[in-house]
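K.L.:
Given next are the chains, with one letter for each unit.
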Amino acid sequence: MKIIVDEDRCCGAGQCVLLAPEVFDQREDDGIVILLTAEPGEHLRASVREAAAVCPASAIELDESG
Amino acid sequence: MNVPASVLVVGASAAGLATAEALRRQGYQGALRVLGAEPHLPYDRPPLSKQVLAGAWDPGRALLRPQAALAALDAEFLLGDAATGLDAGTRTVHTASGRALRADAVVVATGLRARPLPGQDALSGVHTLRTLDDALALRADLLAASRCVVVGEGVLGAEIAATARGMGLDVTMAGPQPAPLAGHLGPVVAGQLAGLHAEHGVRLRLGTAVGGLAGHGGRVTGVRLETGEVLPADVVVVAMGAAPATGWLTGSGLRLDGGLVCDSRCRAAEGVYAAGDVARWHHDTAGGLIRLENRTNAIEQAGLVAANILGADQPYRPIPYFWTDQFDARIHVYGTPSADAEVTVVEGDPAGRRFVALYRRDGRTTAVLGWNMPKQARLRRAEIGDIAGLAPAR
Ligand SMILES: Cc1cc2nc3c(=O)[nH]c(=O)nc-3n(C[C@H](O)[C@H](O)[C@H](O)COP(=O)(O)OP(=O)(O)OC[C@H]3O[C@@H](n4cnc5c(N)ncnc54)[C@H](O)[C@@H]3O)c2cc1C
Ligand code: SF4
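Quick note, the sequences are listed as chains A and B, same order.
Mapping to the working numbering: the first sequence position 59 is 819, numbers consecutive.
Mapping to the working numbering: the second sequence position 65 is 127, numbers consecutive.
I should point out that these hints are in silico values taken from the structure, not numbers from a laboratory.
Quick reminder that beta carbons are idealized off the backbone N, C-alpha and C, glycines included.
Just so you know, not all the hints are guaranteed correct.
Label-pair ranges, simulated between beta-carbon atoms [unchecked claim]:
no.	chain 1	residue 1	chain 2	residue 2	range
1	B	G122	A	R805	45 to 55 angstroms
2	B	T406	A	D785	20 to 30 angstroms
3	A	L795	B	D411	43 to 53 angstroms
4	A	S825	B	G279	42 to 52 angstroms
5	A	E767	B	T406	10 to 20 angstroms
6	B	W119	A	S825	25 to 35 angstroms
7	A	D789	B	R164	52 to 62 angstroms
8	A	S825	B	N64	48 to 58 angstroms
9	A	R805	B	P180	48 to 58 angstroms
10	A	D785	B	V65	49 to 59 angstroms
11	A	L795	B	G263	53 to 63 angstroms
12	B	A134	A	T797	32 to 42 angstroms
13	A	E799	B	D411	19 to 29 angstroms
Covered stretches of chain B (chain A as the covering partner; in silico rule of three or more C-beta atoms under 8 angstroms from a C-beta of chain A) [what the hints assert, rightly or not]:
no.	stretch
14	83-94
15	158-169
16	223-237
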């Protein structure tokens with residue numbers, strides 16, 4: 761799994777951080793998403809899928825081909 | 063409960079798509095159909111009053127998912143066909159084009175319909191904003207106009223005023239409240255918002271109810287206040303709220319009262335559920351019927367409805383959340399703010415345009431608001447105690 765975040769879409773909601781704090785964080789100044797790891801380990805994937813689904817700005821895209 | 067062999071989702075937007083996605087994510091392998099009145103692929107509404115209206119995004123960027131992701135869902139999208147009726151007993155949905163769609167579970171996700179001002183249909187130059195087509199029509203009209211009056215001082219009205227002002231128009235905001243969002247966020251934050259709009263040159267004609275529209279030769283020329291004064295305008299945007307799109311459910315026997323009324327499981331009848339802006343459900347810790355109009359609720363409630371369709375039998379108890387962008391202000395709100403709450407700034411400084419405020423009522427924190435401090439506001443979300451014990455529904 762590879763995660764792609766679109767900073768320009770992100771509205772700083774932080775829903776992703778609530779669901780997968782090991783993978784996502786937010787910038788201190790404007791709350792825009794920070795990707796801590798683009799290729800999360802197996803045990804994190806379910807919560808990353810959940811985060812991508814609940815992001816209210818559709819800013820998280822997953823490439824599950826790899 | 064048995065897992066249904068077929069699910070029909072009515073409404074192909076945020077809540078409808080999220081229901082379909084959540085069903086598949088949670089392992090549902092049965093037949094899945096999504097019926098939508100609009101011809102467009104599912105798109106997102108928040109950008110309509112912001113990036114799309116401003117012209118910063120072309121409409122394609124507002125799509126909720128790329129085509130490939132929709133295809134991977136293995137759901138049949140029936141678009142451009144509106145539901146016209148529901149037989150709740152057999153769970154059969156009738157559509158405008160004459161289809162009769164039966165399913166073991168039906169999810170109502172038809173959202174809201176903008177409330178027009180009486181007489182607006184007879185005049186050109188008067189708009190509401192709910193759909194992509196609305197946004198494009200409004201943008202085209204704004205590009206050719208110089209004076210715009212926004213009727214409505216709620217979130218949507220304030221966003222549209224800010225965007226139109228950013229496009230260089232002369233903008234006036236009218237409405238009965240003393241300041242933008244005053245009834246929702248209380249005087250402290252609303253006062254700050256009024257200052258922001260005034261500083262950017264939006265004329266605030268607030269605190270006076272709007273009486274109607276003035277027109278000439280079939281085109282709007284202004285907005286008439288109840289005092290008799292007319293605010294001149296080439297374009298008028300009516301943002302006075304929206305009503306649940308439940309007209310098609312009249313006669314279904316389901317309870318329609320400010321939305322489709324549901325139990326704590328978001329179920330309106332056996333095998334019939336509701337999610338998103340249209341759903342008015344029993345919040346069992348708040349102890350009453352609640353309807354939320356925000357983007358994250360559409361997704362969270364859809365996730366819970368999907369789980370319940372698959373047999374989870376869980377109550378829906380979200381901590382509400384919404385954000386709004388106006389000029390350089392990004393405001394994030396968790397919980398249930400109210401005009402009568404006591405508001406305390408706990409971080410940052412309103413004068414510096416970055417702060418976090420807590421809303422308290424009866425000694426309990428009911429909401430957290432961040433003004434250009436999204437992360438800091440989120441970190442305090444756990445302090446909300448009024449709807450205690452609430453975890454986000456997944
Ligand atoms: C301009 C605008 C800006 C917004 N900005 C924000 C924001 O910044 N932050 C935030 O949190 N929220 C915002 N919101 C609110 C957010 O967009 C809504 O909460 C969300 O769209 C609700 O999703 P929904 O799927 O329940 O309803 P909707 O998005 O309204 O979708 C309902 C769908 O059902 C379809 N439909 C209706 N009737 C029928 C029928 N009879 N048959 C078939 N289909 C039907 C409609 O065509 C529509 O596509 C905004 C809303 C608007 C309009
Ligand atoms: S949930 Fe989406 S919008 Fe919110 S911070 Fe994460 S990426 Fe950004």
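K.L.:
Could you run down the list of hints and mark each one as holding or not?
P.N.:
We went through each hint and held it up to the structure:
1. Restraint check, G122 (chain B) to R805 (chain A): a C-beta distance of roughly 29 angstroms breaks the suggested window 45 to 55 angstroms.
2. Between T406 (chain B) and D785 (chain A) the Cβ separation comes to about 27 angstroms, which falls inside the hinted range of 20 to 30 angstroms.
3. Distance hint check: the CB atoms of L795 (chain A) and D411 (chain B) are about 30 angstroms apart, inconsistent with the given range 43 to 53 angstroms.
4. Checked against the given bound of 42 to 52 angstroms, the beta carbons of S825 (chain A) and G279 (chain B), roughly 59 angstroms apart, lie outside it.
5. A beta carbon spacing of about 32 angstroms between E767 (chain A) and T406 (chain B) contradicts the range 10 to 20 angstroms that was offered as a hint.
6. Here the CB-CB span from W119 (chain B) to S825 (chain A) is close to 27 angstroms, well matched to the stated 25 to 35 angstroms.
7. Between D789 (chain A) and R164 (chain B), the C-beta spacing of about 53 angstroms keeps the proposed range 52 to 62 angstroms intact.
8. At roughly 35 angstroms, the beta-carbon separation of S825 (chain A) and N64 (chain B) lies outside the given 48 to 58 angstroms, and the hint is violated.
9. For the pair R805 (chain A) and P180 (chain B), the beta carbons lie near 53 angstroms from each other, so the given range of 48 to 58 angstroms is met.
10. Take D785 (chain A) and V65 (chain B): their Cβ atoms lie about 37 angstroms apart, and the range 49 to 59 angstroms is violated.
11. Evaluation of the 53 to 63 angstroms hint for L795 (chain A) and G263 (chain B) yields a failure: the beta carbon distance comes to about 38 angstroms.
12. The given range of 32 to 42 angstroms is broken by A134 (chain B) and T797 (chain A), whose C-beta atoms sit roughly 24 angstroms from each other.
13. In this structure the hint that E799 (chain A) and D411 (chain B) lie 19 to 29 angstroms apart at CB is violated, the actual value being about 40 angstroms.
14. Look at the stretch 83-94 of chain B against chain A: 3 of its residues bring a Cβ nearer than 8 angstroms to a Cβ of that chain, three or more, so the hint holds.
15. Counting residues of the stretch 158-169 of chain B whose C-beta sits closer than 8 angstroms to any C-beta of chain A gives 0, which falls short of three, so the coverage hint is violated.
16. Restraint check on the stretch 223-237 of chain B versus chain A: 0 residues with Cβ-Cβ distances below 8 angstroms, three needed, restraint violated.
Checked against the numbered hints given earlier, this structure breaks hints 1, 3, 4, 5, 8, 10, 11, 12, 13, 15 and 16; the rest are met.
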